[in-house]
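Undergrad: If you read the protein sequences in the order shown, they are chains R and S.
Read the first sequence against the working numbering and you will find it ends at 286, with the numbers running on by one and no gaps.
Read the second sequence against the working numbering and you will find it ends at 426, with the numbers running on by one and no gaps.
Just so you know, these hints were derived from the structure itself, not from any lab.
What you were told as hints is all true, and nothing was included just to trick you.
In silico DSSO-like cross-links for lysine-lysine, where the CA-CA straight-line distance does not exceed 27 Å:
1. S:Lys205 / S:Lys156
2. S:Lys315 / S:Lys350
3. S:Lys67 / S:Lys108
4. R:Lys254 / S:Lys196
5. R:Lys254 / S:Lys205
6. S:Lys138 / S:Lys154
7. S:Lys139 / S:Lys154
8. S:Lys292 / R:Lys56
9. S:Lys138 / S:Lys47
10. S:Lys138 / S:Lys83
11. S:Lys47 / S:Lys350
12. S:Lys44 / S:Lys83
13. S:Lys156 / S:Lys138
14. S:Lys100 / S:Lys139
15. S:Lys138 / S:Lys205
16. R:Lys254 / S:Lys273
17. S:Lys138 / S:Lys163
18. R:Lys254 / S:Lys246
19. S:Lys215 / S:Lys175
20. R:Lys254 / S:Lys216
21. R:Lys254 / S:Lys215
Here is how the chains run, residue by residue.
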Amino acid sequence: MIQILIYGAVISAIYAMLAVGFTLIFGVARILNLAHGSFYALGAYAVYALTAEAKLPLWLAAILAVLLVALFGILIERVLVRPLRRRSMLAVLLITLAVALMVEQVLLLIFGSEARNVPSFVSTAYHFLGVDVSGQRLLALAAGILVLGGLWVFMQHTKLGAAILAISQDAEAAQYVGIPADRMYSIVMGLSAGIAAAAGVLVAPFQTVIPGMGLLPLVKAFAIVVVGGLGSIPGSILGALLLGYTETFIAFKISIEWSQIVSVAAVLIALILRPTGFFGKRVAF
Amino acid sequence: MKFKLPWLAAAAAGAFAAIAFPAAAEETKPIKIGVNTAIQLQVGRDAIDAVKMAVDEINANGGVLGRKFETLVADEGEAASEGPKVGIAAVNKLTGEDHVDVLIGGYDSGVTLGELPHIARAKKIFLGIGSASPTIQQKVKDDYDHYKYIFRVNPINSAKQANGLIDFIVGKLKGELEYSKISIIGENAKWVQDIVPALKKGATEAGMEVPIAEFFDVQTADFSPIFTKVKDSGSQYLLIIISHAASDVFVKQWYDAKVPVPIGGIDVKAQDANFFKRVDGKAISEVSTNFVLRAPLTEKTVGWWDNFVKLYGRAPVYTAGGSYDAVYIYADAIKRAGSAETDAVIKALETTDYVGVRGRVQFDALHEVKDGAGFVNELFVQWQQDGNRVVIWPREVANGKMINPPWITQN
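Bound conformation, chain R alone (with noise of 0.2 Å):
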């Protein structure tokens, strides 16, 4: 039971700092952005080049692959997305999708097929309360906590917070009172970027480091972002939690196969029993 609910809140915790990014984007620029998983994959790969080839200390090789992805979120929402937003939001989704697809290909002809190896930033494994953890997941869980909490405390307390928030409310009310949408939607953007990418630098050494290995997170993203309720964040937290510990149970007490359909059958039937998620409002395109 304590194997579950460690391992369960570990799995969620990366689940729930995908989720975040995806639904802060969506609630405050309206972008149903298909790149997300690519950030993902894009944190794990650069904290590999950064220390398998640039032989960077881990500790520098992850802060500035988090710093790289956000850079790169931002240039992508500057250069293609802007344009398109005035045409159209559909644009704008196949705008992205493109930039997934291109993402993989690249990364397919730098790095190969092969799995990457990541090494750990803590080898020490833990034993209590009867679980062998390893340390690197229990700093995947400590540091998702606290990037959501750093989130929270930004949004809650700082200006910026407060003008990304308004944005998110009304962007033309928000403009009369002199806040710039279009930088905060790059700001946003960047942010949401640099949480994927953290979650991906923070996975990479006990996952499997592939070109694809952004498609079933951002496929989960968006499922729990859907169940939360688009564009809220206690929502994403919520759905996150409600998956990750569904598929821990499930592999812990059943068996490892059952996990992935059981999951998303649990999406399913949240949806079928509330169709605007928890705490979302119907949303038009």
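Start from chain R and add chain S according to the hints.
TA: Same frame as chain R, but now just chain S:
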């Protein structure tokens, strides 16, 4: 009238040349070997390089029946994500567009099974050097006329590997280490589904308890539930059957959590020469089967191994030994048949008796490479300190003692 005679002579000479020269050209036209393999993986790269090595050696000695070999390669893709369609396209390209004379390759059994009808329809000999499912060669028995082109040179099929594993379980785990409870897990791939039930049966018949015998998805990224279950069951050893799944991640997660259960079995990625380094040494004490190692399996093995390392700067994996032998076996069959014509070569292949780098190669009625004493065998190799590989089973070829994971102090 007078003008016609020179033209007639020229025409006659031309006709004669047209008939005679292609026949002569036929005699010196290169024999094309098509290699269909997963070029992104080490098993694929080594297959290609070993074929090239053998082809270069044979060509340097004048080729076969005065004809040289030529190598063409096509990518089978990653079976785990793409399925058989890329492999089928590769085979069709090699047979239909490049008109190869023989196919040497294969890795994923599902892909090979998908390719078989296309290979049979193209009437090309296929020397399998990577896939292990017995279902592939079963077709030779079920429909000889249609599938007589299919041979397996390497590895010994998964059912025979299962027998080798049962021998390891009963002889080593039970006999020498006196374990009484083991668990078995394998990836959810075709060849593993063939093996795991056989292993469980063999172990229980020998009086051992097998509390867990499960499959996991090839795409699984998180093995902690498995490790926890196996540990909680009180198992003393975890037998693993992995080829396509994430061996690197599996081993790293096992080491990081210091799971108090030693692991070993079939782990194809753990055969890679750089596996130990790739996982930062976390594969220590893992046992994995191998079909070729730098050991005198035959008088040719060590020399070939050293040549491969000199040529390519890395140690070969199991497909390399198989591909190298396959080229020589094919050349030997052409020589004995006196021609490269497919049906004649098939007859000659069936009576092969060739000592390669892995052992002595003969084929049985299903065109399967024979296993057992004196033939091609399965070795159990353990990763030990500093990445040294030690053969710990079978007893006759073992060159070291088996060790425990460093965090387990006694048996």
